[in-house]
Amino acid sequence: MTTILTRDPIDPGALITLVSAPDRGGIACFVGAVRNHHAGRAVVALDYSAYDAMADRAAADILAEAEARWPVAVALRHRLGPVPIGDAAVVIAAGGGHRDEAFAACRYVIEEVKRRVPIWKRERYADGTEAWVDPTATSGLHPVAGDGGPS
Amino acid sequence: MTTILTRDPIDPGALITLVSAPDRGGIACFVGAVRNHHAGRAVVALDYSAYDAMADRAAADILAEAEARWPVAVALRHRLGPVPIGDAAVVIAAGGGHRDEAFAACRYVIEEVKRRVPIWKRERYADGTEAWVDPTATSGLHPVAGDGGPS
Amino acid sequence: MPSIPVLLFARYADLLGASRIEVPLSAAATVADLVRHLRALPGGAAIPERPFVAVNMAQVDEGYRPEPGDEVALLPPMAGG
Amino acid sequence: MPSIPVLLFARYADLLGASRIEVPLSAAATVADLVRHLRALPGGAAIPERPFVAVNMAQVDEGYRPEPGDEVALLPPMAGG
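Protein chains in written order, with the numbering used here: chain A, 1 to 151; chain B, 152 to 302; chain C, 303 to 383; chain D, 384 to 464.
By construction, these hints were calculated from the structure, which means they are not laboratory data.
Any given hint might turn out to be false.
Stated by the list, open to error - DEER-style ranges, computed between Cβ atoms: (1) A/84 <-> D/401: 27 to 37 Å; (2) C/345 <-> B/219: 36 to 46 Å; (3) D/445 <-> A/47: 27 to 37 Å.
Note that the structure is a prediction, hence the values are computed from the model and not measured.
Ideal placement from N, C-alpha and C gives every residue a C-beta, glycine not left out.
One chain only, chain A, in its complex shape:
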């Protein structure tokens, strides 16, 4: 567990403050929140897990890349464990002199986090079944074996 991974609620305002400075006129922020539906199914609960050490390293790499590519400061938090519907799972804030670089860096970080940071999401549905979310699978889901859900 580090400053990037957290089991506590994430406060977007605190991250925005973290990347604010008197010479930064533009701060872009992205909040990825837990939705109550996925692939047409009602989600009632979910749980994030990670390969913590590698997730930290991958996330730190991504932040360093963003700060090398644009004149910005970037902050990132990703929540682990059970996350209530509507809560933020990930928050990114990028502050720079102007909005172009702030938006670009913020967008870069969320795309790379999704692609490269070893974090996984298990969803529980209104019908009692559970599945691992797999963005590479056709359905986007892998039902958890033995849960009685659709295969």
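Please arrange chains B, C and D on chain A, whose structure you already have, making use of the hints.
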């Protein structure tokens, strides 16, 4: 003075909350903060003023356009009066099902606000001079007559 | 004599020393005439020949003919955000 | 007998019923061999033939030859954000 224009500090977190909902997985936020420099000069204070009624109308139009064009909810606040360096002058939050529409709507609103909402900014510099900011002028500034500043 | 109230903002208000000026209807047959009238006032020369003019909060071109009851406003380049 | 500890995460940990499995070095000459070994375990058949494998937190290809002391990990498709 309305819900869009305010003389009080703007809380980005509150705006993010305002556009959050259980079916919105992506919230993009932009904070335009007051910088301590402009056109190479050190800014020590500044003051925003508006044609309030028209600014309200133009801002409401822009929000309606964004919400018609993308499946998002958008919130906007712009501060008026004196704003301390580093404080947010404008905050936009756009919440949608996914991040593409959230980023697109957020970006659309800030660009249109700058283009269409009748708000003006007067800056005071470290050397005691003042100027009206004019994005269409070569220097970006119109010195205030009689302030002894460079013309 | 009927007149048209003109709202002035920001730099234009500074230049003319007022945030509202009554322009005689006779000097405001069109927006272009009204602007010419304002530019001839003390301090008005720095107002551009074709400023952004809004009538009832919508932009109009310089051929627009103000009517009594119109809310006319001269808007400097916007600088919000 | 020397062995290579393999970390399993998320769905792969569920499938094999463990978050860490010791694979005999003799069954782990290459990453491909190691994956074959894991896929032959009860529940392992649903692991893809070419999963994402990290050694010491960096991705390796299936020809990589694990050495004692390596931290090997099998990673399901990432789903953060």
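> Would you say the C-beta atoms of residue 445 of chain D and residue 47 of chain A sit inside 27 to 37 Å of each other?
Replying inline: 30 Å, holds
>> Taking 36 to 46 Å as the stated bounds, is the beta-carbon spacing between residue 345 of chain C and residue 219 of chain B within them?
In response: Once the Cβ atoms are compared, 43 Å apart, the range 36 to 46 Å for residue 219 of chain B and residue 345 of chain C holds.
> Between residue 84 of chain A and residue 401 of chain D, does the C-beta distance stay in 27 to 37 Å?
Replying inline: 29 Å, holds
When the structure is compared with the earlier hints, no violation turns up for any of them.
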